[in-house]
Amino acid sequence: MSTRVFAAACIAALLLPAAAEKDPDPVTAADYKEATTDRDFARKTIDLTNSILGSASKYKLTPSWERSRIGPDEKSLVKVYLIRPTKPAFVLQVPFKSCNCIFLQVGAYRSNIFSYSEKLPQMSKLDERYILAFMLLHEIGHINQNDAGHIDQAKGDFNYDDNELKQKELAADKFAAQTLLKSADDKESTSGFSNSMYVQMDISKASLNLQAVRSLENFGGTALCSTYLFADRGASHPNFELRILTVNDILVHSPETSELLRAFERCRTDKPSKVIYRSE
Numbered sequence: 008m009s010t011r012v013f014a015a016a017c018i019a020a021l022l023l024p025a026a027a028e029k030d031p032d033p034v035t036a037a038d039y040k041e042a043t044t045d046r047d048f049a050r051k052t053i054d055l056t057n058s059i060l061g062s063a064s065k066y067k068l069t070p071s072w073e074r075s076r077i078g079p080d081e082k083s084l085v086k087v088y089l090i091r092p093t094k095p096a097f098v099l100q101v102p103f104k105s106c107n108c109i110f111l112q113v114g115a116y117r118s119n120i121f122s123y124s125e126k127l128p129q130m131s132k133l134d135e136r137y138i139l140a141f142m143l144l145h146e147i148g149h150i151n152q153n154d155a156g157h158i159d160q161a162k163g164d165f166n167y168d169d170n171e172l173k174q175k176e177l178a179a180d181k182f183a184a185q186t187l188l189k190s191a192d193d194k195e196s197t198s199g200f201s202n203s204m205y206v207q208m209d210i211s212k213a214s215l216n217l218q219a220v221r222s223l224e225n226f227g228g229t230a231l232c233s234t235y236l237f238a239d240r241g242a243s244h245p246n247f248e249l250r251i252l253t254v255n256d257i258l259v260h261s262p263e264t265s266e267l268l269r270a271f272e273r274c275r276t277d278k279p280s281k282v283i284y285r286s287e
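Just so it is clear: in the sequence shown, position 105 is 112 by the working numbering, and no numbers are missing.
Please note that a few of the clues may not be correct.
[What the hints assert, rightly or not] Okay, derived cross-link-like pairs now, SDA-like style, lysine to any residue, Cα gap no bigger than 20 Å in a straight line:
id	residue 1	residue 2
1	LYS175	VAL98
2	LYS65	ASN151
3	LYS86	SER118
4	LYS82	GLY61
5	LYS104	ASP38
6	LYS82	GLN152
[To be verified] For each label pair, taking beta carbons as the anchor points, the in silico distance ranges come out as:
id	residue 1	residue 2	range
7	THR276	SER201	16 to 26 Å
8	LYS194	PRO92	36 to 46 Å
9	LYS51	PHE226	34 to 44 Å
10	PRO31	HIS260	39 to 49 Å
11	GLU263	GLN185	13 to 23 Å
12	ALA230	LYS40	39 to 49 Å
13	ARG91	GLU272	14 to 24 Å
If you are wondering where the hints come from, they were derived from the structure by calculation, not from laboratory data. Because the structure is a prediction, the values reported are computed rather than measured. We treat Cβ as the ideally placed atom computed from N, Cα and C, and that holds for glycine.
With the hints as constraints, model all of the structure from the sequences given.
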């Protein structure tokens, strides 16, 4: 967890018991500032995500800057706050357990998705809304588990360790994937079904794009099971490509997706080699 997020959690722990009736602003408690840009993009993505969650879902998202259109059930209402740029930047986070809320930095998100959507000409371009919708479902998974998200330091050590924090991330991924599958089975909600299928297709494309990065930007890295490519970075999150491959296998569950996942996992269990060349 970053120092800033840890400090925010401590501040919240001090503020909330004393001011439970005043409902303190979580952005102020986390020492951030709310952004006013990209609201239209965020609102459209929130609406898309709500269509996937469905009318029978326990949770619904609502923009923090708009009057809630969902209803009075505070326990199921998750507010999305847009946050101004910070150092270090983050994409999404559930800042602390006591808040049914998600913080989003749209600029950081767009920089992140560029690396596996448009960086190479061989890539299939991803729709920003669909990948962000999956990430929002992941954050709801954290809320459903009653745990706050964690942010790794900018440069963590490479490792293959398993721990509770990584298991929470995988559980949140599984929650998001299962929500997509349930929505795809709901034939009564046309928008929920179609949006779920679009998100699933973009997850599959992201899986292929990440393989392109691994093959084209890292000469010989796959054959050598390079630590740089296959290990986790930091203490709280599993390898990103591993997570996408795992989610894609849950969604598609074909012999091909299962074998791609197993091949990646085999490289993690074999003796890794240091990267011998990486394109800049």
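Hint numbers contradicted by this structure: Structure breaks hints 3, 7, 13.
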